[in-house]
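*Asks:* Whole structure, please, built from the sequences with the hints as guidance.
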Amino acid sequence: MKQYKKFLTLGAILAGMASCTDLNTDLNTRYEKLPDNPIAVEGEFNACYLYLHGWFGRDFNEGVVAQGDEVMGCCFGVGNYFDDGRYLDASIHNLNLDNWRTRIIEGCMSGVSYTNTKIMAYGGPDMNDPVVAPLRAIRAYYTFWMMELYGDAPIMKRPLDEGEPIDRSPRKEVAEWLESELLEILGQEDGLSKANDLSTYGKPNYWMAAALLAKIYLNWGVYTNDINTVTNDTPNPKLNDCVRICDEIIQSGLFEVGQGYRRKFYPDNGVHIKDFIYALNVDPQTQGDGTTTWYRWFGFKKDGLCRPYCLGWENTKSVAGQTVLTKEAVERFNLPGDERNKMILQGPQCTIDANYEQTDIPVYIYTVPGNEKTLVGQLNYHADFDFDDASIYSLGDEALPKANKTNIENGTAFLNIQKGARCFKYPPREEDYSLWNRQQANDSPIFRYADILLTKAECIMRGATPTLGATVNDLVNEVRRCSNAPDVTGNFTIQDLMDERSREFILEPWRRNDLIRCGMFENDWGQKNKYKKWLNEEHTEFEWVDRGVKDTYRRLMPIHRGILETNLNWKQNPGYQGL
1 MKQYKKFLTL GAILAGMASC TDLNTDLNTR YEKLPDNPIA VEGEFNACYL
51 YLHGWFGRDF NEGVVAQGDE VMGCCFGVGN YFDDGRYLDA SIHNLNLDNW
101 RTRIIEGCMS GVSYTNTKIM AYGGPDMNDP VVAPLRAIRA YYTFWMMELY
151 GDAPIMKRPL DEGEPIDRSP RKEVAEWLES ELLEILGQED GLSKANDLST
201 YGKPNYWMAA ALLAKIYLNW GVYTNDINTV TNDTPNPKLN DCVRICDEII
251 QSGLFEVGQG YRRKFYPDNG VHIKDFIYAL NVDPQTQGDG TTTWYRWFGF
301 KKDGLCRPYC LGWENTKSVA GQTVLTKEAV ERFNLPGDER NKMILQGPQC
351 TIDANYEQTD IPVYIYTVPG NEKTLVGQLN YHADFDFDDA SIYSLGDEAL
401 PKANKTNIEN GTAFLNIQKG ARCFKYPPRE EDYSLWNRQQ ANDSPIFRYA
451 DILLTKAECI MRGATPTLGA TVNDLVNEVR RCSNAPDVTG NFTIQDLMDE
501 RSREFILEPW RRNDLIRCGM FENDWGQKNK YKKWLNEEHT EFEWVDRGVK
551 DTYRRLMPIH RGILETNLNW KQNPGYQGL
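Just so it is clear: in the sequence shown, position 208 is 208 by the numbering used here, and no numbers are missing.
Source of the hints: derived by calculation from the structure; they are not laboratory data. Some hints could be false.
As the list claims (entries may be wrong) - Cross-link-like lysine-lysine pairs, in silico, PhoX-like; alpha carbons within 25 Å at most:
1) K302 x K405
2) K327 x K532
3) K550 x K571
4) K402 x K425
*Replies:* Right, dumping it as structure tokens:
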């Protein structure tokens, strides 16, 4: 054990940063005690937090978000974005040990391993000094995702020796360890900062750890029972504990849903968004890892053929345009006056101005932009559409139907690349595409105050004792008023709650989690469970083909081949092919 000396908490040390002038500290130096230079402290601790950036962007979206009932990862044929099922597999719950996105557990383990070296270096003899509470919080966060996605997971409390194997612990034990770990650091004096400002933004603080614990409590029945037997009615003995944690966050007075929903997700979002408890803080110029190319996936594939430009500026980079919304998701955005409806792009399209508002200026497609004689028609996203080959979610050849006179007249020209409604939740800046290769500046929220309110509402719906005079409808209406959606009246059901959570948290990390907890993960949407197989070239006759993907074992992800080859004492999750 290294020589130990107790120092001030990280927050106290950083308070003196303004007076620090020694900028030449080697951040790679291994310290036996916390350095006096607060910039070096930042470097030591931030490196632990930044492991999140390696896997919580594109990998997470394609491997986890796509498993929800909101988006579909499509292609334009086998040779055009099919990529051996890279986008398809998660959408139809058909992941396997060779799909790259199943390596997420590796990124989590790497984050835990590195963080443990810092906890050991600065945490004292028992590795629990309050100064390392933020490191223990991020370690818990990484461990949470291993448990959430893979079930049984390693509990790594210290650095491993060279060649030392690590076992996976039962999921129930992991949940119990996470609870005890989070309760301990939340109870430490001079441990986690309770500030909610620039000094804590994008980093583990008291409220991040509390929100994580609330999420664990909400899903306690999922984590402590056989995953194959979990239903919406699975008992949860932690409901009142969850409400208690939610109330602490609510009564802090630091957070609010605010007024105006969409602006929370604009490229300039950040610490000023009081709805964000914890977010992935990205900047394509200085912190590119973790950025997401949202418009690349949801934009119009041939936007270079459009005039005026869709976003008011010329995009010289390619757009995939193969991620579309399920019809079922689109239909949820139906509340009168709800600002969230504006995120859903469907039907004839007009330009979007510098404030990310859709104008009344139509966007037209041309085969030769600028030549009026080559006008194809107004860009039109078809929310309800048929796949060309639903077995692989193929929308069809991107050049078809051809832009000939007949197809232009009947409105089918270039139909394949106009199939599917799009989600414009995270709009890009022009410089993201002109300077940063499509990497966007939008921070991605992980824990939000709106989620705390809806979590408390769900707990009360499931039998928790109401507190602070708030009813289920009160809590839901507080969330809705941010987007000017109508107030809830009458009985609010679990289905109503799930629809509300979809409207509020679309393209955020939690839809897969919600579906499993509420017993809806095996439901059908977007031809996930069965698909149309065309019986003629005209696509007028078809038969339904069952994919065979409704098995409950799919509520856990498979472990990637490379992970199994490295950890020979591990077994593949039940139901999936192993080595």
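*Asks:* None of the hints should be skipped; say for each whether it holds.
*Replies:* Consistency of the hints with the structure:
| no. | hint | result |
| --- | --- | --- |
| 1 | K302 x K405 | 19 Å, holds |
| 2 | K327 x K532 | 15 Å, holds |
| 3 | K550 x K571 | 22 Å, holds |
| 4 | K402 x K425 | 31 Å, violated |
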